[in-house]
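**Q** Turn these sequences into a full structure, and let the hints guide you.
2 protein chains.
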Amino acid sequence: MKTITVNLKERSYNILVGKGIAQNIGAIIRRLKLGNSAYIITNAGIKRRYGTSLRKSLLKARLEVKFKLIPDTEESKSLKTAYSVIEDLTSFDRNKHIFIVALGGGVVGDLAGFVASVYKRGIAYVQVPTTLLAQVDSAIGGKTAVDLREAKNLVGAFYQPRLVASDVRMLASLPLKQIRAGLAEVIKYGIISDAALFTYIEKKYKKILSANLEALEFIVSRCSNIKAKIVERDEKEARGIRTVLNFGHTLGHAIEAAGGYKGYNHGEAVALGMLLSCDISERMRLSGTGAAKRIENLIRKVGLPVKISKVSFKRIIKAHYRDKKFIGARNRFVLLRGIGRTKIVEDVPLAVIKETLAARM
Amino acid sequence: MKTITVNLKERSYNILVGKGIAQNIGAIIRRLKLGNSAYIITNAGIKRRYGTSLRKSLLKARLEVKFKLIPDTEESKSLKTAYSVIEDLTSFDRNKHIFIVALGGGVVGDLAGFVASVYKRGIAYVQVPTTLLAQVDSAIGGKTAVDLREAKNLVGAFYQPRLVASDVRMLASLPLKQIRAGLAEVIKYGIISDAALFTYIEKKYKKILSANLEALEFIVSRCSNIKAKIVERDEKEARGIRTVLNFGHTLGHAIEAAGGYKGYNHGEAVALGMLLSCDISERMRLSGTGAAKRIENLIRKVGLPVKISKVSFKRIIKAHYRDKKFIGARNRFVLLRGIGRTKIVEDVPLAVIKETLAARM
Numbered sequence: 254m255k256t257i258t259v260n261l262k263e264r265s266y267n268i269l270v271g272k273g274i275a276q277n278i279g280a281i282i283r284r285l286k287l288g289n290s291a292y293i294i295t296n297a298g299i300k301r302r303y304g305t306s307l308r309k310s311l312l313k314a315r316l317e318v319k320f321k322l323i324p325d326t327e328e329s330k331s332l333k334t335a336y337s338v339i340e341d342l343t344s345f346d347r348n349k350h351i352f353i354v355a356l357g358g359g360v361v362g363d364l365a366g367f368v369a370s371v372y373k374r375g376i377a378y379v380q381v382p383t384t385l386l387a388q389v390d391s392a393i394g395g396k397t398a399v400d401l402r403e404a405k406n407l408v409g410a411f412y413q414p415r416l417v418a419s420d421v422r423m424l425a426s427l428p429l430k431q432i433r434a435g436l437a438e439v440i441k442y443g444i445i446s447d448a449a450l451f452t453y454i455e456k457k458y459k460k461i462l463s464a465n466l467e468a469l470e471f472i473v474s475r476c477s478n479i480k481a482k483i484v485e486r487d488e489k490e491a492r493g494i495r496t497v498l499n500f501g502h503t504l505g506h507a508i509e510a511a512g513g514y515k516g517y518n519h520g521e522a523v524a525l526g527m528l529l530s531c532d533i534s535e536r537m538r539l540s541g542t543g544a545a546k547r548i549e550n551l552i553r554k555v556g557l558p559v560k561i562s563k564v565s566f567k568r569i570i571k572a573h574y575r576d577k578k579f580i581g582a583r584n585r586f587v588l589l590r591g592i593g594r595t596k597i598v599e600d601v602p603l604a605v606i607k608e609t610l611a612a613r614m
Numbered sequence: 254m255k256t257i258t259v260n261l262k263e264r265s266y267n268i269l270v271g272k273g274i275a276q277n278i279g280a281i282i283r284r285l286k287l288g289n290s291a292y293i294i295t296n297a298g299i300k301r302r303y304g305t306s307l308r309k310s311l312l313k314a315r316l317e318v319k320f321k322l323i324p325d326t327e328e329s330k331s332l333k334t335a336y337s338v339i340e341d342l343t344s345f346d347r348n349k350h351i352f353i354v355a356l357g358g359g360v361v362g363d364l365a366g367f368v369a370s371v372y373k374r375g376i377a378y379v380q381v382p383t384t385l386l387a388q389v390d391s392a393i394g395g396k397t398a399v400d401l402r403e404a405k406n407l408v409g410a411f412y413q414p415r416l417v418a419s420d421v422r423m424l425a426s427l428p429l430k431q432i433r434a435g436l437a438e439v440i441k442y443g444i445i446s447d448a449a450l451f452t453y454i455e456k457k458y459k460k461i462l463s464a465n466l467e468a469l470e471f472i473v474s475r476c477s478n479i480k481a482k483i484v485e486r487d488e489k490e491a492r493g494i495r496t497v498l499n500f501g502h503t504l505g506h507a508i509e510a511a512g513g514y515k516g517y518n519h520g521e522a523v524a525l526g527m528l529l530s531c532d533i534s535e536r537m538r539l540s541g542t543g544a545a546k547r548i549e550n551l552i553r554k555v556g557l558p559v560k561i562s563k564v565s566f567k568r569i570i571k572a573h574y575r576d577k578k579f580i581g582a583r584n585r586f587v588l589l590r591g592i593g594r595t596k597i598v599e600d601v602p603l604a605v606i607k608e609t610l611a612a613r614m
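Line order of the protein sequences matches chains A and B.
Mapped onto the working numbering, the consecutive letters of the first sequence carry residue numbers 254 to 614.
Mapped onto the working numbering, the consecutive letters of the second sequence carry residue numbers 254 to 614.
Take these hints with a grain of salt, some might be off.
Copies of one chain are not kept apart here, so a pair can be met inside one copy or by any two copies together.
[Said to hold, decoys possible] Result set (DSSO-like, lysine-lysine): computed pairs, CA atoms no more than 27 Å apart in a straight line: (1) Lys262 to Lys373; (2) Lys262 to Lys607; (3) Lys571 to Lys319; (4) Lys373 to Lys571; (5) Lys607 to Lys571; (6) Lys482 to Lys457; (7) Lys554 to Lys300; (8) Lys560 to Lys373; (9) Lys560 to Lys515; (10) Lys554 to Lys405; (11) Lys430 to Lys560; (12) Lys349 to Lys596; (13) Lys607 to Lys349; (14) Lys515 to Lys313; (15) Lys405 to Lys596; (16) Lys313 to Lys430; (17) Lys333 to Lys560; (18) Lys457 to Lys349; (19) Lys482 to Lys373; (20) Lys262 to Lys563; (21) Lys430 to Lys459; (22) Lys309 to Lys560; (23) Lys349 to Lys571; (24) Lys489 to Lys349; (25) Lys567 to Lys349; (26) Lys482 to Lys272.
It should be emphasised that the hints constitute simulated quantities derived from the structure, not laboratory data.
**A** Written out as structure tokens, the structure reads:
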């Protein structure tokens with residue numbers, strides 16, 4: 254098991270990455286003194302798979318356990334669901350000392366984190382991410398949010414968990430499509446700051462896709478470490494440092510949104526967004542030769558899309574204006590210098606974006 | 254004009270207390286660089302009174318202005334209203350750099366602060382409190398919240414404003430009942446930490462009740478200063494220091510809740526809660542002779558209630574169990590030692606609470 258600490262003074266916490274952590278979670282949580290009653294937010298499928306062992310581990314540590322099931326859809330990440338969870342939590346909370354456990358992927362983690370951030374002005378919560386995407390990205394760093402009809406992640410808080418427990422054994426049962434989606438973010442970490450990780454993925458992508466536990470433990474701990482260091486330096490995305498994590502996300506989000514979140518999943522959209530960022534970088538002569546090609550080759554090899562076919566040009570352009578990171582009509586892109594190196598560029602000309610996009614369709 | 258700084262590192266801000274500040278608010282806000290578009294949350298009555306001059310001041314400082322009216326009722330402080338405000342805010346926010354102005358009393362301030370805390374994971378907001386209660390208490394310290402059906406202030410955040418602009422001229426038009434409600438909190442500050450302020454109120458209560466601007470400026474700035482110092486030492490109510498502000502509030506909240514928030518207003522309930530705390534202190538032989546009597550005399554003189562007649566004994570006891578500060582069935586009271594001195598006591602016996610309550614009915 255690897256332990257990575259996110260150093261944020263009184264808000265510091267550990268990320269544990271290993272095989273079989275979930276079985277010992279009760280004792281680990283007990284030591285953190287988060288409360289005496291675990292309110293576990295999850296969905297029915299995940300509960301069926303891990304509910305019994307998790308409950309057992311928590312009960313053994315003399316912690317009360319209550320499961321709250323939310324539907325396994327993107328729509329669960331809404332203010333409406335948050336509201337209903339809070340009402341349920343309130344009726345359960347009779348002079349207890351409750352903490353929340355987010356057991357699931359990004360939807361569960363973001364929703365549960367948001368509920369924890371606002372309930373009684375903030376109670377403790379633990380992330381137990383069950384997807385690769387959540388283990389390497391969304392469970393770390395305290396960005397909680399829910400969606401509104403108008404836009405994603407519009408309502409939320411920066412609110413750090415007290416523990417992230419990433420059990421890579423939980424990834425073994427994931428559908429290939431979900432491993433791929435997570436792998437898009439792993440490739441992103443390689444591109445933005447870890448050339449050795451990038452090379453590792455080039456060599457071991459077949460092992461990763463077949464859920465080899467050693468390979469998964471390696472990439473999850475490596476990515477967790479990168480994200481932890483970035484979050485430490487820019488907890489609230491106020492200093493521009495955390496921006497680098499948005500590599501591939503500016504247009505990636507637009508591609509996701511353009512398909513009404515039904516065309517491409519987040520990982521696929523990020524893969525396409527990263528390719529578009531590479532294309533823009535080449536057009537603007539920012540990146541060295543070969544880097545963009547290597548990235549495209551890897552993305553193709555792992556089975557992520559390299560051409561945009563499921564959503565229209567027009568919708569992507571329209572959606573990209575609504576990115577909440579735009580301030581006063583300026584756009585901001587993380588562009589490629591080389592593998593492991595990026596550059597933040599503001600005001601990329603719309604013409605360049607359009608040409609790049611058209612060439613990928 | 255008095256300037257009181259709340260020192261919270263990167264979250265520090267000023268409280269301005271004076272006569273006619275609202276007229277210059279545009280220039281003051283402009284200097285803080287909070288954004289270019291002011292989204293003012295208020296109600297129709299307050300907008301009618303101050304809307305024009307506020308808009309003028311903001312426009313003069315080249316700030317865009319949009320008013321959002323919420324109903325002037327306690328029910329506006331709900332997650333439902335927050336939701337509708339956020340939807341409106343979203344539709345207004347098209348590539349703007351928005352900040353929020355809370356123009357009103359505690360309901361507006363708590364709601365607007367909560368919306369600011371969660372919108373885009375936190376945007377800047379300014380408190381322009383228009384009641385004595387809000388100027389001395391709720392506008393300061395970043396405790397934002399909305400109510401659920403089940404309990405008050407159950408959902409919220411610790412999220413500091415960027416400025417509190419307390420214009421005592423705004424208090425001149427308040428109904429006497431509202432001045433009195435605020436005065437209950439002012440008396441509280443005297444009791445918990447400022448014997449000289451207490452003596453000042455004893456001498457000048459008639460001036461205060463007739464909204465003399467000098468007297469109001471004195472008490473608002475004095476109370477703001479006390480609250481600022483307490484918030485600095487315990488921003489998130491984690492160190493027990495901020496607890497002292499709850500003097501009179503444990504049973505005060507129960508009295509408010511017992512009447513469905515229609516029996517006694519907050520100030521009246523706090524006055525009764527303070528008297529009950531004094532009674533408990535005497536029963537437990539904590540306070541010196543005379544202090545409790547002085548407090549009761551002052552509360553009576555300013556026209557706040559000293560006997561509980563509008564709500565039932567049973568309902569108060571029932572409601573007091575639901576206080577969100579109770580953890581694991583332990584209660585916690587701020588009790589009286591003398592004017593300016595309190596003591597926090599846990600596990601006050603229920604029998605003592607009941608006897609004390611019965612004696613005040």
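**Q** Each hint: holds or not?
**A** How the hints compare with the structure:
When the C-alpha separation of Lys262 and Lys373 is checked against a cutoff of 27 Å, the pair qualifies both within a copy, at 22 Å, and between copies, at 24 Å. Within a single copy, Lys262 and Lys607 get their C-alpha atoms no closer than 44 Å, and across copies no closer than 44 Å, so neither meets the 27 Å cut-off. For the homomeric pair Lys571 and Lys319, the shortest alpha-carbon distance between copies (25 Å) is at most 27 Å, but the shortest distance inside one copy (43 Å) is not. Only between protomers do Lys373 and Lys571 lie at most 27 Å apart by alpha-carbon distance; the minimum there is 20 Å, versus 39 Å within a single protomer.
Taking the shortest Cα distances, Lys607 and Lys571 sit within 27 Å of each other inside one copy (11 Å), while across copies they are farther apart (64 Å). Proximity of Lys482 to Lys457 under the C-alpha cut-off of 27 Å is restricted to the intra-copy arrangement: shortest distance 25 Å within a copy versus 57 Å between copies. Within a single copy, Lys554 and Lys300 get their C-alpha atoms no closer than 33 Å, and across copies no closer than 61 Å, so neither meets the 27 Å cut-off. Taking the closest pair of Cα atoms, Lys560 and Lys373 never come within 27 Å of each other, the shortest separation being 47 Å inside a single copy and 31 Å across copies.
In this assembly of identical chains, the alpha carbons of Lys560 and Lys515 lie at most 27 Å apart only when taken from the same copy (17 Å versus 63 Å across copies). Taking the closest pair of Cα atoms, Lys554 and Lys405 never come within 27 Å of each other, the shortest separation being 30 Å inside a single copy and 55 Å across copies. Taking the shortest alpha-carbon separations for Lys430 and Lys560, only the intra-copy value of 17 Å comes in at or below 27 Å, while the best inter-copy value is 68 Å. Taking CA atoms no more than 27 Å apart as the test, Lys349 paired with Lys596 passes between copies only; the shortest distance there is 25 Å, against 49 Å inside one copy.
Taking the shortest alpha-carbon separations for Lys607 and Lys349, only the inter-copy value of 23 Å comes in at or below 27 Å, while the best intra-copy value is 55 Å. Taking the closest pair of Cα atoms, Lys515 and Lys313 never come within 27 Å of each other, the shortest separation being 41 Å inside a single copy and 47 Å across copies. With identical chains, the CA atoms of Lys405 and Lys596 are at most 27 Å apart within one copy only, with a shortest distance of 25 Å there and 47 Å across copies. For the homomeric pair Lys313 and Lys430, neither the shortest alpha-carbon distance inside one copy (35 Å) nor that between copies (56 Å) is at most 27 Å.
In this assembly of identical chains, the alpha carbons of Lys333 and Lys560 never lie at most 27 Å apart, being 35 Å within a copy and 42 Å across copies at closest. In this assembly of identical chains, Lys457 and Lys349 lie within 27 Å of each other by CA distance neither inside one copy nor across copies; the values are 47 Å within and 45 Å between. Taking identical chains as interchangeable, the C-alpha atoms of Lys482 and Lys373 lie at most 27 Å apart only when they sit on different chains, with a minimum of 23 Å there against 30 Å within one chain. Neither within a single protomer nor between protomers do Lys262 and Lys563 lie at most 27 Å apart by alpha-carbon distance, with minima of 45 Å and 48 Å respectively.
Within a single copy, Lys430 and Lys459 get their C-alpha atoms as close as 14 Å, which meets the 27 Å cut-off; across copies the closest is 74 Å, which misses it. Taking the shortest alpha-carbon separations for Lys309 and Lys560, neither the intra-copy value of 47 Å nor the inter-copy value of 53 Å comes in at or below 27 Å. Taking identical chains as interchangeable, the C-alpha atoms of Lys349 and Lys571 lie at most 27 Å apart only when they sit on different chains, with a minimum of 17 Å there against 48 Å within one chain. For the identical chains of this complex, Lys489 and Lys349 are inter-copy neighbours only, at 20 Å across copies versus 31 Å inside a copy, given an alpha-carbon limit of 27 Å.
Proximity of Lys567 and Lys349 under a CA criterion of 27 Å is satisfied inter-copy only: 23 Å between copies versus 52 Å inside one chain copy. Proximity of Lys482 to Lys272 under the C-alpha cut-off of 27 Å is restricted to the intra-copy arrangement: shortest distance 23 Å within a copy versus 48 Å between copies.
Consistency with the previously given hints fails for numbers 2, 7, 8, 10, 14, 16, 17, 18, 20 and 22, ordered from lowest to highest.
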